[in-house]
Amino acid sequence: MLIELLQVGCYLLGGVATAASLTIMVLLYKSKPFPIITRHKDEKSFLDTDTIKNIEFPSLDDSPTLELSVIVPAYNEEQRLPAMLDECMAFLDQKSKEQAQFSYEVIVVSDGSSDSTVSVALQYSKKHGADKFRVLELVENRGKGGAVRLGMLSARGRQLLFADADGATKFADYEKLAEALVSLAPEWRHDGIAIGSRAHLEDESIAKRSFFRTILMHGFHTLVWIFAVRSVRDTQCGFKLFTRASARKLFNSLHVERWAFDVELLYLAERLHLPMSEVAVRWTEIDGSKLSPFWSWVQMGTDLFMIWLRYMVGAWRIAASEKKKN
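Residues in the sequence shown are numbered from 1 upward in steps of one, following full-length UniProt numbering.
Please note that the accuracy of each hint is not assured.
[Stated by the list, open to error] Quick list of simulated restraints, FRET-style, between CB atoms:
| no. | residue 1 | residue 2 | range |
| --- | --- | --- | --- |
| 1 | Ala83 | Val313 | 39 to 49 angstroms |
| 2 | Glu270 | Glu187 | 20 to 30 angstroms |
| 3 | Gln101 | Phe305 | 45 to 55 angstroms |
| 4 | Asp61 | Pro33 | 19 to 29 angstroms |
[Claimed, not checked] Quick list of in silico lysine-lysine cross-link-like pairs, PhoX-like style, CA-CA up to 25 angstroms:
| no. | residue 1 | residue 2 |
| --- | --- | --- |
| 5 | Lys53 | Lys127 |
| 6 | Lys41 | Lys170 |
| 7 | Lys95 | Lys170 |
| 8 | Lys170 | Lys127 |
| 9 | Lys132 | Lys41 |
| 10 | Lys97 | Lys176 |
| 11 | Lys176 | Lys53 |
| 12 | Lys53 | Lys41 |
| 13 | Lys41 | Lys95 |
| 14 | Lys95 | Lys127 |
| 15 | Lys126 | Lys44 |
| 16 | Lys170 | Lys53 |
| 17 | Lys95 | Lys176 |
| 18 | Lys95 | Lys126 |
| 19 | Lys132 | Lys170 |
| 20 | Lys97 | Lys170 |
| 21 | Lys126 | Lys97 |
| 22 | Lys132 | Lys176 |
| 23 | Lys127 | Lys97 |
| 24 | Lys132 | Lys44 |
| 25 | Lys32 | Lys44 |
| 26 | Lys53 | Lys97 |
| 27 | Lys127 | Lys44 |
Simulated from the structure, these hints should not be mistaken for lab results. Don't be surprised by glycine CBs; every beta carbon is placed ideally from N, CA and C.
Please take these sequences and the hints and turn them into a complete structure.
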């Protein structure tokens, strides 16, 4: 009987090993080691609402000409976007009046929106001018990560911030992130990331959440810690500030274009040993989320495992690391 059990065990282990080997072979065959960043012709320019001419976006590889670029990914956000942009532009305008050396731009990236997101954003461009406000209209939906990446690659700032279109984070907390970033990286050629965090609000949010959603939250945090990021408590807050040098490394190396892109960004940052600081920010839950708690957890969990597996077997490699070697 014992011999038979051992034989069955050997068969099972052999089957698992074979399945694992086949999975790795498929990943190596189908995955591109470095991300292929595609950009349609119409996505390379923005509309200057004064001259009614299309002007080509600059490149992240260029030298910076502004202090701050704010990237706002937006998918069907015509309802929530105005409140966020009003707060954002009011803060930035006031800061530029108080500090003559402070210059900025806001880039709204419409991620293949089918509503009036682009029209709403263009109204702000017309009001504030295309030097301060630009709209990047993607011809097809790429996912939040894809939208943020193309916005970053089109930016002029020494510092680059991405902020969610729902306005859940108070925009004035940029000051806290900027202070933390400067302590890590005194100038744009240095590496540094300041990460907006809601971790300090966890106890309060648990009290308001259902038991089921609390279990999902803890499960997700556990998966993030196991498979990806261990130095950051809140990987998903949509308020992160980068130096231009770090943005170049990370967004040219990013593979994931959907919701798990935050985790891959921070995973890459850990692998590249980029200095990071997690900064507590004010946050309010805004109605209109496009995520289903259970299915988003399943999708994110799958994505986390696949991110880890692809890097572990070499199916994905870090472009910034390879460039440094060469």
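Hints and how they fare:
For Ala83 paired with Val313, a C-beta distance near 45 angstroms keeps the hint of 39 to 49 angstroms intact. A beta carbon spacing of about 23 angstroms between Glu270 and Glu187 agrees with the range 20 to 30 angstroms that was offered as a hint. Gln101 and Phe305 have their C-beta atoms about 46 angstroms apart, which keeps the hinted 45 to 55 angstroms range intact. Taken as a hint, the range 19 to 29 angstroms holds for the pair Asp61 and Pro33, whose Cβ atoms sit roughly 21 angstroms apart.
Taking the CA atoms of Lys53 and Lys127, the gap is about 16 angstroms. The hint holds against a cut of 25 angstroms. Simply put, Lys41 and Lys170 have alpha-carbon atoms about 35 angstroms apart, too far for the 25 angstroms limit, and the pair is violated. Restraint check for Lys95 and Lys170: the C-alpha separation of about 15 angstroms stays at or below 25 angstroms, so the hint holds. With a CA separation close to 22 angstroms, the supplied pair Lys170 and Lys127 stays within the 25 angstroms bound.
Between the alpha carbons of Lys132 and Lys41 the distance comes to roughly 23 angstroms, so the proposed pair stays at or under 25 angstroms and holds. Restraint check for Lys97 and Lys176: satisfied, since their Cα atoms lie roughly 19 angstroms apart, inside the 25 angstroms limit. For the given pair, Lys176 sits about 37 angstroms from Lys53 by alpha-carbon distance, which is inconsistent with the 25 angstroms threshold. Distance check on the hinted pair: Lys53 and Lys41 sit about 15 angstroms apart at the alpha-carbon level, within 25 angstroms; holds.
Note on Lys41 and Lys95: the hinted pairing is violated, with a Cα-Cα distance of about 35 angstroms set against a maximum of 25 angstroms. A distance of roughly 18 angstroms separates the Cα atoms of Lys95 and Lys127; the hinted pair therefore holds under the 25 angstroms criterion. With a C-alpha separation of about 19 angstroms, the suggested pair Lys126 and Lys44 falls inside the 25 angstroms cut-off, and the hint holds. Between the alpha carbons of Lys170 and Lys53 the distance comes to roughly 34 angstroms, so the proposed pair goes past 25 angstroms and is violated.
For the proposed pair Lys95 and Lys176, the alpha carbon gap of about 14 angstroms is at most 25 angstroms, so the pair holds. Only pairs whose Cα atoms come within 25 angstroms are accepted, and Lys95 paired with Lys126 is accepted, the gap being roughly 20 angstroms. Pair hint Lys132 plus Lys170 holds up; C-alpha atoms about 20 angstroms apart against a cutoff of 25 angstroms. With a C-alpha separation of about 20 angstroms, the suggested pair Lys97 and Lys170 falls inside the 25 angstroms cut-off, and the hint holds.
Restraint check: the Cα-Cα separation between Lys126 and Lys97 comes to about 20 angstroms, which is no more than 25 angstroms; the hinted pair holds. For the given pair, Lys132 sits about 22 angstroms from Lys176 by alpha-carbon distance, which is consistent with the 25 angstroms threshold. Of the pairs offered as hints, the one joining Lys127 and Lys97 holds, with about 17 angstroms between alpha carbons and a cut-off of 25 angstroms not exceeded. Restraint check: the Cα-Cα separation between Lys132 and Lys44 comes to about 17 angstroms, which is no more than 25 angstroms; the hinted pair holds.
For the suggested pair Lys32 and Lys44, the alpha carbons sit about 24 angstroms apart, so the restraint of at most 25 angstroms is met. Restraint check for Lys53 and Lys97: not satisfied, since their Cα atoms lie roughly 29 angstroms apart, outside the 25 angstroms limit. For the proposed pair Lys127 and Lys44, the alpha carbon gap of about 22 angstroms is at most 25 angstroms, so the pair holds.
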